[in-house]
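Novice: Sequence:
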Amino acid sequence: MTMDPWSIEPRPDRRGPRSIAVLLFFGAVLLCLAGADALQQGALEDLPAGQVDLTIETPNLNDDVEVTPEQYQAFHDEARESGAYAWRGISLVAGMSLVAVGSIGLYALKPWGPRLSVVGAAVAVVGGSIGGYRFQAAADATMEG
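So the sequence shown is numbered by this note's numbering: it starts at 20 and just counts up by one.
It is possible that some hints are incorrect.
With beta-carbon atoms standing in for the labels, derived distance ranges [unchecked claim]:
hint: 1; residue 1: Pro29; residue 2: Trp131; range: 16 to 26 Å
hint: 2; residue 1: Val138; residue 2: Asp96; range: 32 to 42 Å
hint: 3; residue 1: Asp23; residue 2: Trp131; range: 35 to 45 Å
hint: 4; residue 1: Asp96; residue 2: Arg33; range: 46 to 56 Å
In case anyone wonders, no lab produced these hints; they're calculated from the structure. Just so it is clear, the structure is predicted and the values come from calculations on it, not from any experiment. For each residue, glycine too, the CB sits at the ideal point set by N, CA and C.
Construct the entire structure; sequences and hints are all you get.
Specialist: Written as structure tokens, this is what we have:
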């Protein structure tokens, strides 16, 4: 009494997409918070001294490069003026909001859910890349090495 494997009716997978939707949602919330942090950083005229010291501690562990707080503040000013913080912050908040809404659609097994999530991820990647290039230009203009 062997059973033909092709006689089994396929059933749609409902748990897999829902698990992915939950992970997408929490990831989108975390990256949305990172975008909000970038917007807050861009709104600051001067960074707090403790934050600057903590930020430049890692590059200063390298023997070849010594970044001073004044250099880092000049970098921050240049990055803020070039719109690097705004590009990164707005694109992350907007893109991850789309991903979060798309993940809700995916959880409900709607076909627009994954599509909206992909569009949101693309918005975040494009805007984040533009912001990254502007950060790089600000670093090239203000830092040595």
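Novice: Look at each hint and say if it fits the structure.
Specialist: Cross-check of the supplied hints:
1. For the pair Pro29 and Trp131, the supplied restraint of 16 to 26 Å holds, since their beta-carbon distance comes to about 23 Å.
2. Restraint check, Val138 to Asp96: a C-beta distance of roughly 34 Å satisfies the suggested window 32 to 42 Å.
3. Separation of Asp23 from Trp131 is about 37 Å and conforms to the stated range, judged on CB atoms against 35 to 45 Å.
4. Distance hint check for Asp96 and Arg33: the Cβ-Cβ separation is about 52 Å, which falls inside the suggested range of 46 to 56 Å.
In this structure, none of the earlier numbered hints is contradicted; all agree with it.
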